[in-house]
Amino acid sequence: MFDWLQHFADWLIYSVFGIGAESHLGVALNFFVYDTLKILILLFVIVFIMGIVNTYFPVERLKDYLNRKKLYGLEYFFSSVFGAITPFCSCSSVPLFIGFVQGGIPLGVTFSFLITSPLVNEVAVAMFIGMFGLKATLIYIVSGILLGTIGGWLLGKFNLEPLLSDWVKQILHNKMQQAEFLEEKRTFYQRLPEITNGAWDIVKGVLVYVIIGIAIGAAMHGYVPENFFNAYLGGGEWWTVPLAVLVAVPMYANAAGIVPVIQVFVAKGVPLGTAIAFMMATVGLSIPEATLLKKVMSLKLIAIFFGVVTLCIMLSGFVFNILL
Amino acid sequence: MSKVIKILGTGCPKCKSMTSVVKDVVSENSIDATIEKVEDIMEIMKFNVMTTPALVIDDVITIKGRVPSKAEVLALLN
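For the record, the sequence lines run as chains C and W.
Numbers in the numbering used here are just positions in the first sequence, counted from 1, shifted up by 80.
Numbers in the numbering used here are just positions in the second sequence, counted from 1, shifted up by 341.
Warning: the hint list may mix true and false statements.
[Unchecked claim] Estimated spans, in silico, between C-beta atoms of each pair:
(1) W:Asn419 / C:Met331: 21 to 29 Å
(2) C:Asp246 / W:Ser410: 20 to 28 Å
(3) W:Glu384 / C:Gln86: 47 to 55 Å
(4) W:Ser371 / C:Thr276: 26 to 34 Å
(5) C:Arg141 / W:Thr375: 26 to 34 Å
(6) C:Met331 / W:Gly352: 52 to 60 Å
The set of hints was computed from the structure by calculation and includes no laboratory data.
Computed from a predicted structure; not experimentally measured.
Each residue gets a CB set at the ideal place from its N, CA and C atoms; glycine is no exception.
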């Protein structure tokens, strides 16, 4: 699919710049140009498609749907799927949380959404396709959605309502009249410019992370010895997964920057499952997110939320390492 | 009559670009309106929106969750 891009990179580096195909620099630059362009194209396409999906399935529609239907447990799954297709913006997570709670949606179902939303997002998916291929991406998406489903269901089993902030509890008690869900009536053609602009904005926003990530990745490719991590992380010791996850939870990295680095880890001997668990913990949970959530829930609830999700990520890391 | 424009958003990049679009439209067309940024989450929730940024004109939510074009804002203000 990207052969033409490889030809372009070959032509640019070897013919236009005249850097030899045998030199280390030539190979590294070629790799860098090819990877960066490929990722940017993928990123734009994926974000664009998600933009279309999203304009027809806004989150209000999910709320409305969950409210009206009896789903016999499937609501966790739906909520998680919606979390995956909704573009993630950390600043929206609090309004979404309140909106769900206000709409009478159970806390556990809300958590399903909250878990999957940062975990499976359009940027992470595009980066994954570019760096690991379609199969690994599908595994990532499916496991992210399952993780949200199970995590939310587990959290729903606890009695967590008393642990919300006081003002959120008040909202719960005097539920306001439900705003009608208004269907947008604009045609596809009218929506197109804003979808395109939105896609450009996201690509522009992560551009610098993509470049830094790929540059670090390219440099590591050259300098980290083959099988370097085998000695530490690749041996398959049981504790490598929890360690990778625990290191990653407080870290906050953009998916765009972290995936190229993880790809090098995998190339140098870290099992894919451990790498995916690391990635999930990095993008799914972070200190900044905890700070935002502090506005709507007590520290204890944040701790329970993070604890359950961390355990789920560790478990999925083990499962991947067995399956893959 | 002077219009009251409120921009609801907790300060994310999208909210900032919405603010600048609205400010531009108002000043370029010399529309009589006051622009107010609502950044407090508790205030925002009173409007019952789930996705920010949201544009509220005279207490009516007109746009939510996306950054509108200048033409769109102008049409809403007229």
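Quiz item: For the pair Met331 (chain C) and Gly352 (chain W), does the Cβ-Cβ distance stay inside 52 to 60 Å?
Solution: 23 Å, violated
Quiz item: How does the Cβ-Cβ distance of Asn419 (chain W) and Met331 (chain C) compare with 21 to 29 Å: does it lie in that range?
Solution: Taking Cβ atoms as reference, Asn419 (chain W) and Met331 (chain C) lie about 48 Å apart, which means the hint is violated.
Practice problem: Could you say whether the range 26 to 34 Å given as a hint is met by the Cβ separation of Arg141 (chain C) and Thr375 (chain W)? | Solution: 33 Å, holds
Exercise. Mind checking the hinted window 20 to 28 Å against the Cβ distance between Asp246 (chain C) and Ser410 (chain W)?
Key: 40 Å, violated
Exercise. Hint says 47 to 55 Å; check whether the CB-CB distance for Glu384 (chain W) and Gln86 (chain C) agrees.
Key: 53 Å, holds
Quiz item: Lying within 26 to 34 Å: is that true of the beta-carbon distance Ser371 (chain W) to Thr276 (chain C)?
Solution: 30 Å, holds
Of the numbered hints listed earlier, those contradicted by the structure are 1, 2 and 6.
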